[in-house]
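*Asks:* What follows is the residue order along each chain.
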Amino acid sequence: MKKTLLLLSLAALGIGSACAADPAKINWSNISVVKVPLFYPGQSTYEWLRSDAHKGAAKEVKRGDACMSCHDEDGAEKDIGNKIVKGGPLEPMPVAGKSGYKELKVQAAYDDKNAYLRFQWPTDNAYPGSEHQYLRFDGKEWKVSGYPKLDKVVQEGKQPGIYEDRMSVMIDDGKVAGFAQQGCWQSCHDGQRDNPKQFTKEEVAANPLLTAIKKGDVRKYLPDTRTDPSDWKTGKTVEEIAKLKAAGYFVDLIQWRAHRSHAVGMADDGYVLEWRLGDAGKDVFGGNADAKTHAPKFMWDAKKVGYKSITADQLRKGDHFLIREQNAVPFDPNAGWKEGDMIPDYLTSREDAKGSAADNNAIASWKDSMWTVVLIRPLGLTNDDDKALKEGGVYNVGFAVHDDNITTRGHQISFVKTLGLGVKKDAKVDINAVKLP
Amino acid sequence: MRLIPPSSKKFAPIMISVAMAAMFSVSANVLAAEVDADAAIALAKKNNCFKCHAIDKTKKGPAYKKIAAKYKGKADGEDKLIKNFTTGPKVKLEDGTEEDHKVIDTKDLKELKNLAQWILSQ
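The listed protein sequences derive, respectively, from chains H and L.
Here the numbering used here is used: the first residue of the first sequence is 1, the next is one more, and so on.
Here the numbering used here is used: the first residue of the second sequence is 1001, the next is one more, and so on.
Possibly wrong hints are sitting among the right ones.
[Claimed, not checked] Derived lysine to aspartate or glutamate pairs resembling EDC-like cross-links, with alpha carbons at most 20 Å apart:
| id | chain 1 | residue 1 | chain 2 | residue 2 |
| --- | --- | --- | --- | --- |
| 1 | H | 338 | H | 138 |
| 2 | H | 59 | L | 1034 |
| 3 | L | 1065 | H | 74 |
| 4 | L | 1059 | H | 72 |
| 5 | L | 1059 | H | 313 |
| 6 | H | 158 | H | 313 |
| 7 | H | 55 | L | 1100 |
[To be verified] Part of the chain L face toward chain H, derived, beta carbon under 8 Å:
| id | residue |
| --- | --- |
| 8 | 1050 |
| 9 | 1051 |
| 10 | 1059 |
[Unchecked claim] One-sided and incomplete, this derived list gives chain H residues near chain L with beta-carbon spacing under 10 Å:
| id | residue |
| --- | --- |
| 11 | 60 |
| 12 | 65 |
| 13 | 70 |
| 14 | 74 |
If you are wondering where the hints come from, they were derived from the structure by calculation, not from laboratory data.
Where is the CB? At the ideal position from N, CA and C, for every residue including glycine.
From just these sequences and the hints, can you work out the full model?
*Replies:* In structure tokens, the structure reads:
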């Protein structure tokens, strides 16, 4: 995606107005860099942390002690990540060559309108992970092609590893008990996708909460949404969970996606409560496969981009984004499709993104095996699924990077940190956003 | 506060002090001046010692500075430390509970003495 297009998109939304900085022109060299260690956690779930396998620490975790009350020595994250990523009890399906550790550089600023969070991290690959799964024509049908590297089909060489890079930020405003001490681990549980004791479809279909909220799998959840926090099956009622949400018991989850949101200069906006949920409105991306035929709903507009599909030899060569308002046209089933033709499995659209789900923008670039992403988050949001950032506020945050064609547990993550927006010097925070002139 | 293991060079003044104290200790078999700080820290990290101990703050277990203050210069200081991390005795934690101390995964006396002296040099 060309940077100019992104800037035009952002300008169109008024981000460059008088009371807000032009995010492309912020002088980041004047803003201090905080280096946040990220490490590979494998299957170190909420339940594992409380088990005897977490040697000598189960009692402390159950008591609510902070992870860093033990893991605070120099190089702790690097040691843990490099050990887990190689495979063992916490990583049953190691990915060859994957980094156990990454250094995330974080800078933060704000003005009267927005908060600006700038992230930089190295990628394992010498290409940006900006491609995502495709629909591939096999001569008869369109089938998904490309899967995350933790999937068996990729590890067995039956499918290519194709999955977008991601940068995620989880935000708590102090209303989620335990998050200030144990961060993202409050949301990572046994039973979830790619975690121990992974759900079965039958279990999900029989679960009152998941059927009530119409979900077909188990994803991140916060402890108080279950009567037994360590058992995903013990969901509270929808009414009880609504009360938790109204009381602010949820964490915001902003995810910048190198394919599905980067294409139009956005980051998606969600939250974690009883599941990993999207904010109200319409997200920046949606599936491109027809629910019945599994054929694409849109294809590239050959008049604009010169092709209606690509083939495998064109992967990693150019930006392969399918953007509804820019380069997509309705799929033509009679366009002479050949075996091996590929069309993105997801369609992106800034124009279609609406409501609270469309709050977050981003500017991103990849150069010399390094992503640079600036998240732009409006201050003072009043939606009931957002954590409102305000000047003087202090927030507990967790960071995660998904790198090298992977999802779920295949990320590198941080211990919980504190983010302040212009807090006074005597207030101790890990990252203090500075007010822009 | 992050625990930053001191480098051997930064450590020199402390080691000199410990060396002077060791001159008056009949059982200080390894002179502090000979402490290989990097090796001691590596052994401690390998055995997750820093999960419970820090150099200058109380964690689950006491700070190494506190341990050093208790045993430094005592004839049996080194022996007591080695016994502590090779036999796994019951130890009282800072929260008042008790548990078995971790047993270091080496029987190399030279390594054990080096670790003990490094702790005593804090």
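*Asks:* Give a verdict on every hint.
*Replies:* Results for each hint:
1. Our distance criterion of 20 Å between C-alpha atoms is met by residue 338/H and residue 138/H, whose separation comes to about 8 Å.
2. For the hint pairing residue 59/H with residue 1034/L, the CA-to-CA distance comes to about 39 Å; that exceeds 20 Å, so the pair is violated.
3. A distance of roughly 17 Å separates the Cα atoms of residue 1065/L and residue 74/H; the hinted pair therefore holds under the 20 Å criterion.
4. The suggested pairing of residue 1059/L with residue 72/H holds, with an alpha-carbon distance near 10 Å, which does not exceed 20 Å.
5. At roughly 55 Å between alpha-carbon atoms, residue 1059/L and residue 313/H are farther apart than 20 Å, so this suggested pair is violated.
6. Our distance criterion of 20 Å between C-alpha atoms is met by residue 158/H and residue 313/H, whose separation comes to about 17 Å.
7. Between residue 55/H and residue 1100/L the CA atoms are separated by roughly 12 Å; this keeps the pair inside 20 Å, and the hint holds.
8. Because the closest C-beta pair between residue 1050/L and chain H is about 4 Å apart, less than 8 Å, the hint holds.
9. A cut of 8 Å between beta carbons decides the hint on residue 1051/L: the least distance to chain H is about 4 Å, and the hint holds.
10. Hint status for residue 1059/L relative to chain H: holds, with the closest Cβ pair at about 7 Å, below 8 Å.
11. Interface hint status for residue 60/H: upheld, as the beta-carbon distance to the closest one in chain L is roughly 7 Å, under 10 Å.
12. The beta carbon of residue 65/H comes within 9 Å of a beta carbon in chain L, closer than 10 Å, and the hint placing it at the interface holds.
13. Against a cut-off of 10 Å between C-beta atoms, the interface hint on residue 70/H holds, since the closest Cβ of chain L lies about 4 Å away.
14. The beta carbon of residue 74/H is positioned within 10 Å of a beta carbon in chain L (closest approach about 5 Å), and the interface hint is therefore held.
Going down the numbered hints, you'll see the structure goes against 2 and 5, while the others check out.
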